[in-house]
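K.L.:
Going down the list, the protein sequences come from chains A and B.
Per the working numbering, the first sequence runs over residues 1 to 357.
Per the working numbering, the second sequence runs over residues 1 to 356.
Since the hints were made in silico from the structure, they are not lab data.
Take these hints with a grain of salt, some might be off.
Derived DEER-like restraints, expressed as beta-carbon distance ranges [what the hints assert, rightly or not]: (1) Thr-181/B to Gly-81/A: 46 to 56 Å; (2) Asp-262/A to Asn-253/B: 42 to 52 Å; (3) Asn-253/B to Ser-51/A: 49 to 59 Å; (4) Lys-54/A to Gly-11/B: 24 to 34 Å; (5) Lys-53/B to Asn-102/A: 29 to 39 Å; (6) Asn-253/B to Pro-343/A: 12 to 22 Å; (7) Asp-204/B to Ala-254/A: 49 to 59 Å; (8) Tyr-98/A to Ser-74/B: 21 to 31 Å; (9) Thr-220/B to Thr-20/A: 25 to 35 Å; (10) Gly-42/B to Ser-51/A: 46 to 56 Å; (11) Ala-254/A to Ala-232/B: 39 to 49 Å; (12) Thr-250/B to Asn-271/A: 44 to 54 Å; (13) Ala-172/B to Arg-336/A: 57 to 67 Å; (14) Ser-15/B to Pro-343/A: 47 to 57 Å.
Each residue gets a CB set at the ideal place from its N, CA and C atoms; glycine is no exception.
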Amino acid sequence: MSGVLHTAGDIVGDRYEVTTYIGQGGMQEVYRVHDRLLERDAVLKSPKNPSAKKRFNRSATLSARVNHDNVAKTLDYVEDGDRFYLIEELIEGCDLGYFLKNYVSILDPFAAGRVMHHLAKGLAASHRVNVVHRDLKPTNVMVVGGQNFTGFKITDFGIAKMAQEEIGEAVAGDEEGLTSSQTALGALPYMAPETIDDMQNAGKPADVWAIGALTFEVLTGNRPFGFGYRAVPLIQAAKVPPLPSPLTSNTQFAPFARAVFDLITACMQKNPAARPTADQLVTTCEGLYYSTVPREFGTIRRFDNSNWGFAGAPSGAVFCHVKSVFAASSLAVGERIWMTTYPGSPSRRAFPIVKAV
Amino acid sequence: MKLPARYEAVGSPFSGGGMSTAFKCKDKHLDRHVLVKVLQEGIDQKRILDEVKALSAIRSKHVVQIYDVLKDRSGAVTALVEEFLPGQDLDDVLPITDTSTFLRHIYAIACGLADIHAVGVVHRDIKPNNMKIDAEGCLRIFDFGLSRTDGVNSETIGTIGTLGYIAPELCAPANQKVSFTLAVDVFAFGATALKLVRGRLPSDLRAIPPNLPATDADFTKQTLALPPAIAATLNQCLSKKPMTRPSMETVRNIIGRHLLHGRHKATMIAGDKIHYLEKIGQSVKLSAGSLGSVDVSYDGYDFIATNVTGDVYINNMGIIPPQKLPGASVITLGAPSLGFQRQYITFDVTHPEVIL
Ligand SMILES: Nc1ncnc2c1ncn2[C@@H]1O[C@H](COP(=O)(O)OP(=O)(O)OP(=O)(O)O)[C@@H](O)[C@H]1O
Ligand SMILES: [Mg+2]
Chain A
1 MSGVLHTAGD IVGDRYEVTT YIGQGGMQEV YRVHDRLLER DAVLKSPKNP SAKKRFNRSA
61 TLSARVNHDN VAKTLDYVED GDRFYLIEEL IEGCDLGYFL KNYVSILDPF AAGRVMHHLA
121 KGLAASHRVN VVHRDLKPTN VMVVGGQNFT GFKITDFGIA KMAQEEIGEA VAGDEEGLTS
181 SQTALGALPY MAPETIDDMQ NAGKPADVWA IGALTFEVLT GNRPFGFGYR AVPLIQAAKV
241 PPLPSPLTSN TQFAPFARAV FDLITACMQK NPAARPTADQ LVTTCEGLYY STVPREFGTI
301 RRFDNSNWGF AGAPSGAVFC HVKSVFAASS LAVGERIWMT TYPGSPSRRA FPIVKAV
Chain B
1 MKLPARYEAV GSPFSGGGMS TAFKCKDKHL DRHVLVKVLQ EGIDQKRILD EVKALSAIRS
61 KHVVQIYDVL KDRSGAVTAL VEEFLPGQDL DDVLPITDTS TFLRHIYAIA CGLADIHAVG
121 VVHRDIKPNN MKIDAEGCLR IFDFGLSRTD GVNSETIGTI GTLGYIAPEL CAPANQKVSF
181 TLAVDVFAFG ATALKLVRGR LPSDLRAIPP NLPATDADFT KQTLALPPAI AATLNQCLSK
241 KPMTRPSMET VRNIIGRHLL HGRHKATMIA GDKIHYLEKI GQSVKLSAGS LGSVDVSYDG
301 YDFIATNVTG DVYINNMGII PPQKLPGASV ITLGAPSLGF QRQYITFDVT HPEVIL
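With the rest of the complex left out, here is chain A:
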């Protein structure tokens, strides 16, 4: 794929040399650039619609106010000819939407809790300087290290302000508008009930709701109320579906899955005032237990009884027991898994294990 605004070699603002096209959403194109002044790589974002200048600038200044490790840093804003650009910290990795689709679709409660904790941290920092995100969703969360899953950064603050009208259209149930707007389609599953009524209501509690909805998705593999306009009445009713039984039937995981789920339901209360603030969410997340040992991928190579077998992984053969698998009760030869491994004999032992894509 390539973008329409630039090709490799273009120089923007006398400083940024376009190297590759990264991708696009509904509102903007994203490129990797080389900052010739500071000799480092960065990301360049430019709106597709050049008449959105005022709003784009506004979203740039909003994001520039936030300074936190869990938020992508805003480095520069430049105008060149009739176009304008936001320069942002380059995050080597992929967005969370891509991660869920291409690597692992259901995260174990430890990884899910970690995602929630980091996002709550970034959100708390932005709420402290009165910046509301309005469009928190997996594609606006960058996973540092991609498959290595080392950190999480929120991006595209305030861009939703630009997308507001489009989202409004979608909420009105206008299927035409919905299919034509990737952005609205992507945003809807994470929207809080009060914003469905009126996007003007998108305040801090709506961001907290979105973190709840997003964490629900990473823990269960599903959006809490599905997607498309059919989700609208369900969101308005705000009845969070219970955890599916495969997630709670294994005693190895049940208490941890419930702890994360309790936080999800607290964030997804219909009454915005009843939800925790981002700061309160951070404090509760600090009580979550998880391990920070790096994860690795493997493939089941041997599984000749119903309980255990071995996976091949970069660290060598790994012993895998079905009891260590989250959200599934079986493993089969050829399946890809995502896990943490610990010393054992003759092979290392995996815990937790989740199925990879």
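Position chain B with the ligands relative to chain A; hints supplied.
P.N.:
Chain B with the ligands in isolation, oriented as in the chain A frame:
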């Protein structure tokens, strides 16, 4: 120097270390405050180029962010633009009187320095007034690649740093070449930690070269009580010999491990029964009649297996007590020949994440 229209000075300039003048400015493009550091006239341009290079290379949440550089008409770099950090220097909040705050601060400094060292940069001027706690409570290190050449400040000597933070190996006669290794920063880190606990550096450290070892610079003898492993590590940072100082990565890991002291939780599952082990000193006996038994206790850092009787395996390995359990294990009671009669207990350790 005339600032480009993008940057508008707010308030009056102040000294940005010995080699530059700093201005708090408004960046009109992004409507935020930035710090513009302009190289003073007559100062070697290499100073600012080094600083720009270091700041561009480092990726750390504990290091100030660089945004821009300004050039004069001939194209020479004359100023850099970086994030404006409001608030007080670490120097203004001394001494620190509770152990937990102290540990969090030195952990953050160690993390930042490890990140700096990871890209091969030596800061050369680590000290509390080159650090700040930002609005989110995150410690930030700034003022890179500075060497004091002005001689105005009596605290600085030549180009080697700030009195009290200078490693002994740098205190060579003026005509002798000294080399700045990463260990120079490790020493300054040790001195910084000492300043944090004492409020003032002891005269033994302020001597040239510093008189070491010295009682006043001994972390086991300060009024702030420190965990012995931490005090020992900090003492090593102040070693006379650069070779015996630990790497910042090691220091970071040791402090990080201590920050989790007493905060681990082991979840033990036998069949459908769940048990937790999380209190320091607490211990449980896992046994299956005559097949075997083992005691597992928590010492605040690790879960340790002792008192083994019969046949006990951890992740299929025999035990040599006292033995630390891995973060995830299956404890098997009974000899392999017993097949289905063997008892299995899963034992998984988790802990909260320390995010500063
Ligand atoms: N700071 C960054 N570093 C690296 N890649 C990034 C960065 N920010 C965004 N990207 C990548 O660029 C892609 C396009 O982002 P963009 O925000 O335009 O779309 P989106 O969020 O998927 O959709 P929408 O515009 O509908 O919200 C993202 O999917 C992401 O992978
Ligand atoms: Mg986006």
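K.L.:
A range of 46 to 56 Å was offered for this pair. Does it hold for the Cβ distance of Gly-42/B and Ser-51/A?
P.N.:
Once the Cβ atoms are compared, 50 Å apart, the range 46 to 56 Å for Ser-51/A and Gly-42/B holds.
K.L.:
Within 49 to 59 Å or not, the Cβ separation of Asn-253/B and Ser-51/A?
P.N.:
Taking Cβ atoms as reference, Asn-253/B and Ser-51/A lie about 53 Å apart, which means the hint holds.
K.L.:
Is it true that the C-beta distance of Asn-253/B to Pro-343/A lies inside 12 to 22 Å, as the hint says?
P.N.:
holds, 18 Å
K.L.:
Do the beta carbons of Ala-254/A and Ala-232/B sit within 39 to 49 Å of each other?
P.N.:
holds, 42 Å
K.L.:
Please test the hint of 25 to 35 Å on the beta carbon pair from Thr-220/B and Thr-20/A.
P.N.:
violated, 55 Å
K.L.:
Cβ-Cβ distance between Ser-15/B and Pro-343/A: within 47 to 57 Å?
P.N.:
Between Ser-15/B and Pro-343/A, where Cβ atoms are some 54 Å apart, the hint holds.
K.L.:
Mind checking the hinted window 46 to 56 Å against the Cβ distance between Thr-181/B and Gly-81/A?
P.N.:
Because 49 Å falls inside the window, the suggested range holds.
K.L.:
Mind checking the hinted window 49 to 59 Å against the Cβ distance between Asp-204/B and Ala-254/A?
P.N.:
Holds - the Cβ-Cβ distance for Asp-204/B and Ala-254/A, about 58 Å, lies within 49 to 59 Å.
K.L.:
Given the hint of 44 to 54 Å, is the C-beta distance from Thr-250/B to Asn-271/A inside that range or not?
P.N.:
holds, 50 Å
K.L.:
So does Tyr-98/A sit 21 to 31 Å from Ser-74/B, Cβ to Cβ?
P.N.:
This hint is violated: roughly 46 Å between Cβ atoms.
K.L.:
Look at the Cβ atoms of Lys-53/B and Asn-102/A and judge whether their distance stays inside 29 to 39 Å.
P.N.:
holds, 36 Å
K.L.:
Do the beta carbons of Lys-54/A and Gly-11/B sit within 24 to 34 Å of each other?
P.N.:
Holds: the Cβ-Cβ distance is about 30 Å, inside 24 to 34 Å.
This entry does not satisfy hints 2, 8, 9, going by the numbered hints stated previously.
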